[in-house]
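Asker: Respectively, the protein sequence lines represent chains A, B, C and D.
Going left to right, the first sequence walks through residues 1 to 410 as the numbering used here numbers them.
Going left to right, the second sequence walks through residues 1 to 410 as the numbering used here numbers them.
Going left to right, the third sequence walks through residues 1 to 410 as the numbering used here numbers them.
Going left to right, the fourth sequence walks through residues 1 to 410 as the numbering used here numbers them.
Keep in mind that the hints are not guaranteed to be accurate.
When chains are identical, the list treats them as one kind, so a pair holds in a single copy or across two.
[What the hints assert, rightly or not] Here are the simulated SDA-like cross-link-like pairs (lysine to any residue), alpha carbons at most 25 Å apart as the crow flies:
no., residue 1, residue 2
1, Lys-404, Asn-348
2, Lys-404, Glu-307
3, Lys-408, Asp-101
4, Lys-366, Tyr-180
5, Lys-84, Trp-94
6, Lys-178, Gln-88
7, Lys-404, Ser-194
8, Lys-349, Leu-80
9, Lys-84, Arg-313
10, Lys-178, Arg-221
Hint data in this document are derived by calculation from the structure and do not stem from the laboratory.
Number of protein chains: 4
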Amino acid sequence: MEILGGPLFAIAGAGESHGPGVTTIVMGCPPGVRLERAEVQRYLDRRRPGSNKHGTPRNEADRVIFTAGIFNHEDQEALLAGPKVKVQEDELHWETSTYQDGFTTGEPIAAIVLSTTSKSQHYEQFAGERGEVRPGHTDLVKHKKSLGFVDYRGGGRSSYRSAISDVVGGSVARIALKQYFGTLFVSNIIQVGSLKTESRLADIFSTAQTDETRANDVLTRLESNTIYSLDADFAYEAGELIKETRKQGDSLGARVEVMALNVPALIGDPMYQSLKLKLMGTLGGLNAVTACEIGVGADAASKMGSENNDPIRSSGYQSNHHGGMIGGITTGMPLLATLTFKPTSTINKPQQSVRKDLSEVEHELKKGRHDPCVGVRASVALESRMAIEILNAVLMHQAMRIDKSQFKLF
Amino acid sequence: MEILGGPLFAIAGAGESHGPGVTTIVMGCPPGVRLERAEVQRYLDRRRPGSNKHGTPRNEADRVIFTAGIFNHEDQEALLAGPKVKVQEDELHWETSTYQDGFTTGEPIAAIVLSTTSKSQHYEQFAGERGEVRPGHTDLVKHKKSLGFVDYRGGGRSSYRSAISDVVGGSVARIALKQYFGTLFVSNIIQVGSLKTESRLADIFSTAQTDETRANDVLTRLESNTIYSLDADFAYEAGELIKETRKQGDSLGARVEVMALNVPALIGDPMYQSLKLKLMGTLGGLNAVTACEIGVGADAASKMGSENNDPIRSSGYQSNHHGGMIGGITTGMPLLATLTFKPTSTINKPQQSVRKDLSEVEHELKKGRHDPCVGVRASVALESRMAIEILNAVLMHQAMRIDKSQFKLF
Amino acid sequence: MEILGGPLFAIAGAGESHGPGVTTIVMGCPPGVRLERAEVQRYLDRRRPGSNKHGTPRNEADRVIFTAGIFNHEDQEALLAGPKVKVQEDELHWETSTYQDGFTTGEPIAAIVLSTTSKSQHYEQFAGERGEVRPGHTDLVKHKKSLGFVDYRGGGRSSYRSAISDVVGGSVARIALKQYFGTLFVSNIIQVGSLKTESRLADIFSTAQTDETRANDVLTRLESNTIYSLDADFAYEAGELIKETRKQGDSLGARVEVMALNVPALIGDPMYQSLKLKLMGTLGGLNAVTACEIGVGADAASKMGSENNDPIRSSGYQSNHHGGMIGGITTGMPLLATLTFKPTSTINKPQQSVRKDLSEVEHELKKGRHDPCVGVRASVALESRMAIEILNAVLMHQAMRIDKSQFKLF
Amino acid sequence: MEILGGPLFAIAGAGESHGPGVTTIVMGCPPGVRLERAEVQRYLDRRRPGSNKHGTPRNEADRVIFTAGIFNHEDQEALLAGPKVKVQEDELHWETSTYQDGFTTGEPIAAIVLSTTSKSQHYEQFAGERGEVRPGHTDLVKHKKSLGFVDYRGGGRSSYRSAISDVVGGSVARIALKQYFGTLFVSNIIQVGSLKTESRLADIFSTAQTDETRANDVLTRLESNTIYSLDADFAYEAGELIKETRKQGDSLGARVEVMALNVPALIGDPMYQSLKLKLMGTLGGLNAVTACEIGVGADAASKMGSENNDPIRSSGYQSNHHGGMIGGITTGMPLLATLTFKPTSTINKPQQSVRKDLSEVEHELKKGRHDPCVGVRASVALESRMAIEILNAVLMHQAMRIDKSQFKLF
C-alpha cells in the first residue's frame, strides 16, 4: 500500500509527474486541529522547483485544494472559501466550493494539487520497447516491473512531484504538533557538491525548549539566503556552483540537516517500531537519498563511549549527541537527522546506456529541463516526513495512557 | 487508517455527505489491467439513490474522475479524454484533462466524485450543543467522539455517500478479476421489511464455472425489476411497500445476497487472515448491516454434519453449503454471503431523544429527504467490497508461488 | 501475517494441532496491568475439549507458560514462581523459571502451551497424494495450497487447538479491560442442533452498567449447567442430544451469544475501521462460524425503523436493539453478538469424497476422536476475540485524546 | 505491534535480556522451504557475545527450539529429532519433542531460545525510583514511558539479546532466498573506533551473479579473522584495541558493511514502500545504529552526476554506485548497506547522571559485564534484517504477477 507513516497518522498518495494531479488522503489526524489552507500552501510553495533560483525552471503553480475532513461549525463561509472546482463532461458541468479554513474532524482529509502544465510531447525518446533508458533513473526497472505499462512521462510516479503528498500530509502533522506542543521544524543545507559549510543547527538549537521568536529568526535567515542554508556565503557560492553545473549539463549531490524543536518526550516504541527505525526509513526512503544519520551519525564510529554519552542533570540532558532519541524514544531534546542526496540522475551529457529492449545506445538527453541539485529543494519534504512520524508516535504513546474519563457518553 | 481491504489490494477513502467530493485512492492493482472510466461509472450509477424509484429523491450525478494510476502507451488521446477539470482561485485559474481509457500501471489510482449539490441549509436542527440527536444515527457518538468538531451535515462521513469509494475501488477489483479469471458478481434482494422471496442465487448458480452469457441474462433480469431482485413479483411488491412506508414516514430493513462466480480457487489464508474473516468484516462492516452469513449461514445451526458436509467427486464439490470457502480458503464454488440491513434510522415520526447536551427532546425531523430502505441500493456496495477482498486474497496467494523467471532484468 | 486484532493491541499465534505447542505473542498491552498466570489459566481451562462432558474426549492439560513481557519490581519471587522449563539436547541441558505473577511492562508478552499428547499414529488415512479428504475439512484446499507440505495431523493449524492463542491473548485483554473499566464478558449457548432456548443475555443485561456481583451470579449459573447456557433444562437436553449424536457418528450445529458488559463508550472508528467491522471479522472469522449478528441481528430485516430505533433519554439509551454500537462506535450499552456454528465436519459416517489426487473414494473415518458440537466449547474463544477488539479500540480512541502532560521527561 | 518486516514476510519477537527466553514467530514463509534447525543454529551462534573474543564474556548457549510451522511428510523421525522440552508445575510434568528437520508448511513458524543464566542479582543499582540511570541507555526513558513497570534487568527488552528474533527470522528468510535464487549474505567490519580498513565488499563482489564457491571462500576468510572483517591485519589490531578499551572501561563505535549477492531483480515497490525505505528503516533501526547508507552512501554528496550514474550495457550495469537499487527497486546487482554503530553506552567510568527520580548522581557502574564494541557482533543481525526485507519484497513482487494456473483445485 502506498502509505507513508502509520499505523495511526498516515498518508496515502497518488499521482504522476505529468498526470492530471497529485491526490493525498491524510488519515488519523485528531479532531479539533485548526487547519487553514493558506498555511499548507506556504509549505507547498517551498517544495516547488521555482522556489529557488536553482531548481527546475518549470512553473508549477501547485495550489492545494481541500475536499474532505475539515469542518467549521462556527463559520461555514470561511470553511467554503477555497477555490471553486468545475468539471465539464460533454454538455454536463458541475461546480463545487472547496475548503479554506476550519478544524479537523478526525475523519480522513483529502487534498488534490492539479497539474497546470499542458500535455508533454518531449518524452518520445523514452517511449516503448525502443525507448532509451536514462542511467540512474527508474526507466528500466519500472518498465520491466510494470510489464511495459509504466507512465514514462517525466519520472512518472517516481518524480519528485510525488513529494507533494508528503508536504500536504506533513503540513497537517506539523500544524497539529505546533498546536499541541509548540513543535517546530527547521532544515539546513550543509553541502552542495564538494562545497561545505560548518554551520550546524545543533550549534543554534541545543536545548530541549526553543522560543518561537528565536526559531522564526532562524527561519527568516534561511528564507533570505540563496538556498535554504544557515550560512549566507556558502548559500551564495552553492547557488553559483549549481548555475555553473547546469550550464555544463552535469549535476550535484548535497547534504541536508533536518531538526524538530520542542519535541514531545517519551514518544517512540522500543525496537521494531522505534521512532528511530521509522525516521530512518521515512527520511532515508525519500527519492535520491543515499544516507540517513541520526544525531552525530556516522561520526559516532570514531567516538569513545565516554565522549559520546550525553551527561544528564536534573534539568535534563546536557548535550545532544543522541540527536533527541535514546533507544528510539524521544528525550525532549531536538530531533536531528542528516540526509545525503545523490546528484540528480538526469544530466545533459552523453552516457552509455541501453534501450528498453536492452540494445545498447549512446544516450543523450534530447529535450527537457532538469534540476541539477535535487537536494536543495528537498528540505521541506524532509521536515514533512519527520512531522508525519512524530505525530504518529505521539498518538502511539498517548494510546497507552488510558484516561477513563475519555470513555463516557452519558 | 481509513483503509478497506489490504494489505495488498486496498482502498483509502475520504469525503463527507455534503462536502466538496468523495476521494478514493486504490492501491495495489497489478499493472496491465484495462480500465475504462465508463465501466466504473456504470457500477457507480447503480449506487446512486436515484438508481431506483425508491431511494432518496436526490439528484446525485456522481461522475467519477480519474486523476492518477492509469496510462495508455498506445493511445494518449484516449487516455486523456476524460472530463476537464477547472479550478478558479481569485484571478488564477487552471485546467487539466483527466483519464478516460487506459491500463493500470501498478501505481496507486486516484479518483474523485465531486458533489453537485449546493450548500445545505437544512441541518440547523442538528448543529451545536443544542442540536438534536436522531435516534439510531451517529449524531451523538460522533459529536462526543470528535469533541464537537464533527461535520453534522447529512450523515457527514457516516453517510452512505462514502460508499462511493467502495464502489470505485471495488469496480477496479472486479474489472481486474474479470480479466484474470472471468470472475463476475451478482446480488439479489431477498427480503424487504416482512416481505420475502424464495428465489435464491444458489439455485441458479450451483457449479464452479458459469458461462458469462448466462450470468448476463440474470443481470438483465435483475436490472429490469423494480428493485435489484431475481423475483419480479416480489420486487414489485417491495417497491410498493417502500413507497407506502415512505408516506408513513417510517423505514424498512432488508436482506441481500451477494455472490461471486468463477472464483479463483485456493485463495484466502487460514485462520487470522482467512478470506472468511476478511469478508465477514468487510461485508458485515458496511453501514446499517446487522448480520453477515456465509454459505448456508444461520441455517447451519440446525443441520446435521452428515447433511451439511458437501460431497466431493473428481469433478469437484457436488453442492455448496460451504458457500465457496472451506477453512477460509476458496474451493472455486460460487462465493455466497447474505447480509441483513436494519431499517434506515432516519424516519419522519416523533421519537424520544436528546440534544447533544443530553437534555431531553421530543425529536421530529424538520426537513430533509430520507431513504426508507437503504438495503435496496446497497447491493453494488456489497459486490464491490467482496471484489476488493477477493482481489487482495488472489494477490496474497500468488505471492507464495514464486516463479524465478519473474525476477530478471537482463 | 497471522495477526488477530491490531493495529495497537494484537496477537500473533503459531502452532498446529499435533505439534510441540501453541505459541502466542501478545502485542500492545499498556504497562501496569496486573497479570496472574492463574487467571489466564482459568480462561484456558474453559477452552479445553474436556471442559464439558460433551467435547472431544482428549485429555489436554493445556498449561500456559509465560516467558516474556511481565515484570514485578516489588516481588521477583512471585514473578518467577511459574513452571520450570527444562530443555535437553544430547548431553546439554538447561532450565529456566517462568513468569507467574507480575505487571505488564508494555513490551510484548509471550506464552506457550505445550502439547501433552504423544505422537499421533492415526493420521495415515490422510497422508500423501493418496490420503483421503474429509468433506467439510480443509484437507484438500490446504494440501493444494501448501503444494503438499501441509501438516495433515489432526486439523494441523486449522484445528480448534489454535484458539489457544485467541484465549491467551483475549485473557490479557479482558484482564486489562476489567482493571480499567470493570468490563466483563459473558456468553450463552442458545441453540444446539434443532434444540433452542428463549433465554437471552439481553433480557438479563439491559443497562449500561452492571454490578460485578450480579454478573458473577450469572457466570456461576452458566458454569453449573451441563453446557455453557443460561437455561438449565435446555443445557441438559442439549447435552443428551450431543451424547446421542456422538453415538450416531454425526454432528450438530449451534448458536452462541457473546456479550461485553460495562463497555467503555465512544470506542471504534467510523467506517472502514469501525468496531462493528472488526468484530464481524474477528468473531465471524472463527473456525466453523457461518453467521455473525450484532444486536438484533438478522431480525432487523423485518423491523420498522420506528420500532428498531432505540429511544434516548438524559440517562442514556432506553433499549439496546443496536447491540452496543451505533455507526460502529460504542454507546456504553452491552455489546452483543450472536454466532452460528456449522456442525463439526468430522463425522463417523460414510461420505462421498476424493483422495488428494482427486480420485474418488467412499470415505469413512478410521480412527480418531471427534467433537460432535464444536459450538459448545467456543464461547471462551468468542469472549476472548471480543476482548481483543475492544481493547484495541480503547487504545485507538485514547490515541486521539492528547494530554500534553503525558509527554514530559524532566 | 512488535513486528519486523511485512506485510507479507515478517517476524514478531518477545523476550527480555534476563527473562526466561526470547520467542519468535515467523510469518509468511512460503511452503516447501527445507528448514534444518542446525542451519539456523549456526547463524545464531554468530550472534552470541562469546562468538568472538571481544564481546561480552557471558556464556549464552542460545539453542533455538522450533515448536511450530514445520512438517516433514517423508520423515517424521527427522522432524521430531529436536531437543526435548519438559515442563514441571508442582507435581504435574509433561514433555514434548521439538522440530529438527523439515519443510515449511506456509503456516507461522515458532521458535524459542531459553535463557540459561541464573537469576541476576546485580541490577539493584538500577531498581526503583532511586535507581541510577546509565547515560546513553534507555533506563530513564523506559522507566518513564512504562510508568515504572519496565523490566530493568540488563537492558530489558532493549538488550541486544532481542536480536535473537532478528536472527531466527532472518535465517528462515536467507535459507528460503538461497533455495529460490541462490542469494547469499556477507558482511564486513570496516571501522572500529578510529581504526579503519580500505577493504570493501564492493571490490570483491562487483557483478550481478556470484559463484557460491567464491562467496564461501570469502566467508571462510571472515570467520578466520579475529573479528568479522575482510582485512586480517585490521581485524587483529581492532581486536587489540577492543581489549585495551575494555581494560580502560571505555567503549568504541564501529562501521559495518552488509551485502546481499545474487539478488532477485525487480523487487521493491516504488516510493512509500520502496525496498530502500524498508532497508533504511530495518537496518538503521537496529539498536545502537546511528547511520545507514546505501550504495556509495554519504560519499554521493560530493560526486557529480556524470560520475555517479552507473553505465548500462546489454549485459547489465557496469558499476554499482547505486548499491543494487534504483528508485528503491533492485537491479540484480549486489545490495549494499553500510551501518555506523555508536560506542556501547555501558562503560566503567564515572559519569554525570541522575536517579530515576531525577536527583543527580555521580554514576559509576557497580557490577556487570559489558561489551565494549557492540558493532563487532552485529553483522549477523544486519544480514538477517536485510534478508527479511528482501524476502518480503520478493513476495510483494510475485503477488503482482498473476499466473492463472496457480488458482485451480480440480
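Asker: Could you run down the list of hints and mark each one as holding or not?
Answerer: So, going through the hints one by one against the coordinates:
With identical chains, the CA atoms of Lys-404 and Asn-348 are never at most 25 Å apart, being 63 Å at best within one copy and 37 Å at best between copies. With identical chains, the CA atoms of Lys-404 and Glu-307 are never at most 25 Å apart, being 45 Å at best within one copy and 33 Å at best between copies. Taking the shortest Cα distances, Lys-408 and Asp-101 never come within 25 Å of each other, neither inside one copy (30 Å) nor across copies (31 Å). Within a single copy, Lys-366 and Tyr-180 get their C-alpha atoms no closer than 50 Å, and across copies no closer than 39 Å, so neither meets the 25 Å cut-off.
Proximity of Lys-84 and Trp-94 under a CA criterion of 25 Å is satisfied in both settings, with 10 Å inside one chain copy and 11 Å between copies. Taking the shortest Cα distances, Lys-178 and Gln-88 never come within 25 Å of each other, neither inside one copy (40 Å) nor across copies (31 Å). Neither within a single protomer nor between protomers do Lys-404 and Ser-194 lie at most 25 Å apart by alpha-carbon distance, with minima of 57 Å and 43 Å respectively. Taking identical chains as interchangeable, the C-alpha atoms of Lys-349 and Leu-80 are never at most 25 Å apart, the minima being 50 Å within one chain and 33 Å between chains.
Proximity of Lys-84 to Arg-313 under the C-alpha cut-off of 25 Å is found in neither arrangement, the shortest distances being 56 Å within a copy and 43 Å between copies. Only within a single protomer do Lys-178 and Arg-221 lie at most 25 Å apart by alpha-carbon distance; the minimum there is 20 Å, versus 54 Å between protomers.
Hint compliance for this structure: hints 1, 2, 3, 4, 6, 7, 8, 9 are not met, and every other hint is.
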